[in-house]
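S.K.: Chain order of the listed sequences is A and B. Count the first sequence with our numbering and you get residues 18 to 119, in order. Count the second sequence with our numbering and you get residues -16 to 162, in order.
Do not take every clue at face value.
What the hints assert, rightly or not - A few chain B residues that face chain A, going by a derived Cβ cut-off under 10 Å, partial list only:
{"id": "1", "residue": "S3"}
{"id": "2", "residue": "W6"}
{"id": "3", "residue": "E9"}
{"id": "4", "residue": "P26"}
{"id": "5", "residue": "E49"}
{"id": "6", "residue": "R61"}
{"id": "7", "residue": "N133"}
{"id": "8", "residue": "I135"}
{"id": "9", "residue": "I154"}
{"id": "10", "residue": "H156"}
{"id": "11", "residue": "I161"}
As the list claims (entries may be wrong) - Cβ-Cβ distance ranges computed for the label pairs, FRET-style:
{"id": "12", "chain 1": "A", "residue 1": "T40", "chain 2": "B", "residue 2": "E79", "range": "27 to 35 Å"}
{"id": "13", "chain 1": "A", "residue 1": "F41", "chain 2": "B", "residue 2": "D30", "range": "22 to 30 Å"}
{"id": "14", "chain 1": "B", "residue 1": "R159", "chain 2": "A", "residue 2": "T40", "range": "33 to 41 Å"}
{"id": "15", "chain 1": "B", "residue 1": "R80", "chain 2": "A", "residue 2": "V74", "range": "35 to 43 Å"}
{"id": "16", "chain 1": "B", "residue 1": "I32", "chain 2": "A", "residue 2": "L82", "range": "23 to 31 Å"}
{"id": "17", "chain 1": "A", "residue 1": "F41", "chain 2": "B", "residue 2": "R69", "range": "36 to 44 Å"}
{"id": "18", "chain 1": "B", "residue 1": "A125", "chain 2": "A", "residue 2": "I69", "range": "52 to 60 Å"}
{"id": "19", "chain 1": "B", "residue 1": "N2", "chain 2": "A", "residue 2": "L82", "range": "43 to 51 Å"}
{"id": "20", "chain 1": "A", "residue 1": "V74", "chain 2": "B", "residue 2": "A87", "range": "33 to 41 Å"}
{"id": "21", "chain 1": "B", "residue 1": "G121", "chain 2": "A", "residue 2": "L96", "range": "22 to 30 Å"}
{"id": "22", "chain 1": "A", "residue 1": "V115", "chain 2": "B", "residue 2": "G121", "range": "24 to 32 Å"}
{"id": "23", "chain 1": "A", "residue 1": "R48", "chain 2": "B", "residue 2": "D45", "range": "34 to 42 Å"}
{"id": "24", "chain 1": "B", "residue 1": "E126", "chain 2": "A", "residue 2": "L63", "range": "49 to 57 Å"}
{"id": "25", "chain 1": "A", "residue 1": "F60", "chain 2": "B", "residue 2": "D30", "range": "36 to 44 Å"}
Rather than coming from a laboratory, the hints here were simulated on the basis of the structure. Everything numeric in this text was worked out from a predicted model, so none of it was measured. From the three backbone atoms N, C-alpha and C, an ideal C-beta is built for every residue, glycine too.
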Amino acid sequence: MKLYLKCHNPHIGKVIFNEAEKTFGFENIRRDSYSQSGNISDFPVLRNNGRITSSYVLSETLQRLPVASFDYVFIRPDLLKDGQAWLGKNLEHMLSMVEKEE
Amino acid sequence: MEDIKKQVVVLSLIESMKNSGSWCGETHIQKSVYFLQTMLNVPSDFDFILYKHGPFSFELRDNLGEMRGNLLIELTSRFPYGPSYRSTASGKALIERYPKTAAAYQKQIEYIARHFAGLGVAELERLATALYVTEKEGQVSAEERAKKINEIKPHIPIDVAEAAIQEIEKIAHEFRLIA
């Protein structure tokens, strides 16, 4: 589901958060967003022959590791049902709310 | 420059490098952005330091990770060589939504992509380090700058460093002629 949303709108988490704040009040909404930074899969490896090689050269699996990324929007617990109903009704529209240059 | 515009610049660069037949690994992107920013005045404002293979930006690396997380770019495995970057459909759509930013720096991006597409990592390191030293040392002779490059990167002989300095000056001069 998340991949589908991001394919259509890479910044959907931010859009949902902003719209939810407008609808339910900023004090009732929280967001926790994280994208893995850096390149932890590319590191030096000391081999048996004493040479140092990039991990990428040694392992195809490491080259293919997906990047860890999550984006959570939280709502005050007693508003959860209203929030879910609101999200279901407005998600398609929010997917089209992509940032554009003015 | 806003973060999203920086991403548009990086995406445009990746597109341009691919069109020029580039491998488009992280080293190519790092050094190309360094040249765009330092020589051709594209205001992407990434912080660069001198690292293992010359000028490097951890901020740019983080940005590339974020763009992967947002499915704007993807890594293609080219085992046993390093992976290469390419933009996704979402990434191309983002460039289209920021036409002014893409157009504003198109000339610089295409120029750098054409020049660097076919270069290997070693040559990119030499040229980018030559530019780094030129920027830091200011108005000193090419000989002095070459000695400085050899001092910080002993595996680059002085005569090779001098050739790299001449090459970056040629790149800058040629761009001024066409810009």
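S.K.: Give a verdict on every hint.
M.R.: Hint by hint, here is what the structure shows:
no., hint, verdict
1, S3, "violated (23 Å)"
2, W6, "violated (13 Å)"
3, E9, "holds (7 Å)"
4, P26, "violated (15 Å)"
5, E49, "holds (4 Å)"
6, R61, "holds (8 Å)"
7, N133, "violated (23 Å)"
8, I135, "violated (20 Å)"
9, I154, "violated (28 Å)"
10, H156, "violated (32 Å)"
11, I161, "violated (26 Å)"
12, A/T40 <-> B/E79: 27 to 35 Å, "holds (30 Å)"
13, A/F41 <-> B/D30: 22 to 30 Å, "violated (38 Å)"
14, B/R159 <-> A/T40: 33 to 41 Å, "violated (53 Å)"
15, B/R80 <-> A/V74: 35 to 43 Å, "holds (37 Å)"
16, B/I32 <-> A/L82: 23 to 31 Å, "holds (26 Å)"
17, A/F41 <-> B/R69: 36 to 44 Å, "holds (39 Å)"
18, B/A125 <-> A/I69: 52 to 60 Å, "violated (33 Å)"
19, B/N2 <-> A/L82: 43 to 51 Å, "violated (27 Å)"
20, A/V74 <-> B/A87: 33 to 41 Å, "holds (38 Å)"
21, B/G121 <-> A/L96: 22 to 30 Å, "violated (60 Å)"
22, A/V115 <-> B/G121: 24 to 32 Å, "violated (44 Å)"
23, A/R48 <-> B/D45: 34 to 42 Å, "violated (19 Å)"
24, B/E126 <-> A/L63: 49 to 57 Å, "violated (38 Å)"
25, A/F60 <-> B/D30: 36 to 44 Å, "violated (22 Å)"
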